[in-house]
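Both chains are sitting in their own frames, so use the hints and assemble them into the complex.
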Amino acid sequence: MAGAERAIEAVWRIESARLVAGLARMVQDVGLAEDLAQDALVAALEKWPADGVPDNPGAWLMATAKNRAIDRMRREANFQSKQEEIARETGALFAMERSDFEAAADEEIGDDLLALIFTCCHPLLSPEARVGLTLRLLGGLTTPEIARAFLASEATVAQRLVRAKKTLREARVPFEVPRGAELAKRLPSVLEVVYLIFNEGYAASAGEDWVRRDLCEEALRLGRILAELEPREPEVHGLIALLETQASRLAARHGPNGEPILLLDQDRGRWDPLLIVRGRRALERAEELPGPLGPYGLQAAIAACHARAIRAEETDWVRIAALYDALAQIRPSPVVELNRAVALGMAFGPEAGLALLEEIASERQLANNHLLHSVRGDLLEKAKRPDEAATEFKRAAELTQNAQEQHLLLERAEALA
Amino acid sequence: MRFMMFMYPEIEEKDWGPQEGNVEEFEAMSRYNEELRKAGMLLSLDGLQPPSEGGFVKMTDGQATITDGPFAEAKEVVGGYWLIQARSKEEALEWASRCPAQNCRIEVRRVFEMEDFPQEVQDAVEENFGG
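Going down the list, the sequences are from chains U and D.
When the letters of the first sequence are read in order and numbered with our numbering, they come out as residues 1 to 417.
When the letters of the second sequence are read in order and numbered with our numbering, they come out as residues 418 to 548.
Chain D with its partners taken away, still in its complex shape (with noise of 0.2 Å):
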């Protein structure tokens, strides 16, 4: 099974990324993601921009408005991501708590596979995406 695990930095945007004063623990991420890829479970993975180099879309009613903002606070947005696979929950939050990072959360998620969908779904998504 595969697990997401979004990190949520604790951070101010100004400190977001690497740079002079994190060298460190960035050192240290790279070798817990090395960790993960040598044992296997690492099925990829990413660090995102700070949400200004993004933006938002909202749905209303179907009807899409693009806004900068609003931002969240920085600790609620999330800066990164690694999709493994796990042979349980509770393997990938141990794997998670083994994060070197100094004020974060990990968020675990299960990934949804296409056998978790009712039949009507996955022949709905046949008929949208096959041939």
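With the rest of the complex left out, here is chain U (with noise of 0.2 Å):
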């Protein structure tokens, strides 16, 4: 790419979202306002590499997305002879030609940004959709980079993203920020986007593609977003506190031959002070709010307790039982009660942890489950029963589809033959 492209694909990734959203706002609707804005980006490709950067790139696109925008609806408005259709984009015609993205305040800026982000994470669409969407739109990134991250062919991102822009059209999903009690039904929808992208990019392994790495800081970039236009939201603090403190402990969890090493056996030298500090911060945000922590607030405040301890004997174990016993209470899942079982075992020896164990193998469904086998064959090698540890881990073996968690877990049978 030459040098001029990419600084002005710079400018995108910078404006692109402020673009999309002030655009959406007027027309009422993200797929057109997509349009429009890529539009104003083939105008600047054009242009910006002979006449160079203007000095507000910003306010250039806008005004250039607007033109357009009132050329096309002109152009439409003479061909189509829906009365409805003419009545809805005169209207946003007006409000186009009224509106001066110059003057709008700050605050009108974040509402549109955060009126983006909801309307991408519509609960009308699923994971995968939004996904891609707030990729898209809030992340600037294109189509092969979606897929490429996601490991899914161009086609079918494409087919995706085509799919969720109409269903947002023909659902007529305002574009607003919703507020209430209707924000506290959709923000969760929102803070999943956020997570799933996380830990797409959190499960790439060291050798992959850095599009699929690069999800992390993206994920850290649009919670960030989020915390600073939803500050009154403990969950988003709670969110943002999380990623960053799990983003701490990138550079320890994997040895020089990719192999995955265990929080416990880390090298703690590696967590990134910086990100463990925004982490903590984070989460003293979420706690200063009124209310009690939630899932993600929850989650944040186990990872500053393994953060905080400098080595791993020194870990609050006590504390971390008592919060997965929260977050027991409040988010119920079997791999919750697994890690409240090693913390248990951790805090208060090996029986206390077995003890649980029992309680959920027999309540749930959790039988055939290879990571109850591998923790009860943990717990019991703690407690000196190396037979009933073996076993257990030789289960856990067949149970597991991973090749590497296999060997590992056979390894571990036999030295205690």
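Hint data in this document are derived by calculation from the structure and do not stem from the laboratory.
Idealized CB from N, CA, C, for every residue including glycine.
Accuracy of the hints is not assured; some may be wrong.
[Stated by the list, open to error] Okay, the calculated bits of chain D under chain U, using three or more residues with CB under 8 Å as the criterion:
# : segment
1 : 429 to 441
2 : 495 to 505
[Claimed, not checked] Cβ-Cβ distance ranges computed for the label pairs, FRET-style:
# : chain 1 : residue 1 : chain 2 : residue 2 : range
3 : D       : ASN450    : U       : THR142    : 23 to 33 Å
4 : D       : THR477    : U       : LEU410    : 56 to 66 Å
5 : U       : ALA2      : D       : GLU441    : 30 to 40 Å
6 : U       : LEU124    : D       : PRO517    : 54 to 64 Å
7 : D       : ASP463    : U       : GLY269    : 41 to 51 Å
8 : U       : PRO256    : D       : ILE483    : 15 to 25 Å
9 : D       : TYR449    : U       : GLY255    : 15 to 25 Å
This is how it looks when you write it as structure tokens:
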């Protein structure tokens, strides 16, 4: 890519979300807003290499997009016979002629961006579609980049995006920030999208495509934006606290050959202190707000306990067990219970963990979950019951699909023989 | 990826830092910082006191010597920095060029990450700081 083009791409990455958001407020259709923004980008790619990047590139792109929109709607209004559509689009046309992007207050731009986030993450859309649309319209990622990041074909992603925009258009989803009870209902689907994007990046291994690994940074960026735009919601800070703290361990999670390293075995000198501090501050913001911590806040508090321990042996397991207990109350799941059993085992001895496992193995359909058996094996080993432990590790090895994990489990079983 | 943006203000030491004459410039700067924060890019930032509040350590063949000076010309002295997360060098440069300062230079440098080091160096670092 030529230097000028790269510079334009950089401007685009900075401006595109605000541009699409401002346009979507006017035309009330994110798909159309995206097309208009793309028109402006094409114009910039034609003009800027020769004329140079304008002083206020955001305003230039907005003015250009608005002009294109007005041209396009006048042209279409001439041809279209459907009265309703003309009425709707003429309304948008007037709105567009009146509004002045440059004069828009910071707060308004923030509201537009927030409305764009909520629209991209609308519960009408599947999680995959929400993730795709968010990366496209808020992250400024291209379709091929999204496809590469999610190991999907470009055609699949393109089709998913087209369908998502069509769904929003047909349902006439208003372009606005939900408030009150509606906000509480819609926020989880936004937070889930940021979390999914982060996890996709977190799952990428060291040798993989940078586009995949950059997903973590993109999710952090989105989470931080959300924390600035919606600062009164404790779970927003809880989520970003969790992500900053998890991201602090990125460099410590893999050995030289790409093999995963478990939390307690990680070299804590490789944890990123800056991100740990950022995570702690975000958690404090969540705690200062009225109301108890939500599921993300509690997970962040657990992550913070690990981050605080300079050595693994200094981990405050009693506190972690209590936090898992709270998490099990508000968001019960088998994985939470397993983690609670591990924490209890570390805090109060293996028997305490084994007792909980007895309870949950009979209550839930966990019997064939390899994690249950590997956790039980671990606790039995610590309880000095090597024969039973070996049986559990072997059972876990039979149940797991992951070859590397299987190898590890069989090794542990053999070591006990 | 991370970039450090070093700012070199082109001013005399007596004009250093916020004071009566430059309230507007500092207001503009704080709006800029806020914009960086709202874009989710800002990791940390600091403004630095004038060089007279610090000092120099010179290493010669492993021997440290501490001095007050020599002061470089004011315009060769760092006045502050931003640490940002950006998606490309061009994006970092674009952000730097939006800085509202009147007269200054901003040097944009990419930060090394652990993965950028050869394995041997990573292992050595681990031995010294790990555990």
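How the hints compare with the structure:
Here's how the segment 429 to 441 of chain D fares: 0 of its residues keep a CB closer than 8 Å to some CB of chain U, so the rule of at least three is not met and the hint is violated. Given a C-beta distance limit of less than 8 Å, the hint that chain U covers the segment 495 to 505 of chain D holds, as 4 residues qualify and 3 suffice. Hint check: ASN450/D to THR142/U, Cβ distance near 30 Å, so the stated range 23 to 33 Å holds. Taking 56 to 66 Å as the suggested C-beta distance range, the pair THR477/D and LEU410/U conforms, at roughly 58 Å.
A hinted range of 30 to 40 Å holds for the C-beta pair ALA2/U and GLU441/D, which are about 38 Å apart. Taken as a hint, the range 54 to 64 Å is violated for the pair LEU124/U and PRO517/D, whose Cβ atoms sit roughly 42 Å apart. Against the hinted window of 41 to 51 Å, the Cβ-Cβ separation of ASP463/D and GLY269/U comes to about 24 Å, which falls outside the hint. Remark: the range hint 15 to 25 Å for PRO256/U to ILE483/D is contradicted by a beta-carbon distance near 40 Å.
Take TYR449/D and GLY255/U: their Cβ atoms lie about 42 Å apart, and the range 15 to 25 Å is violated.
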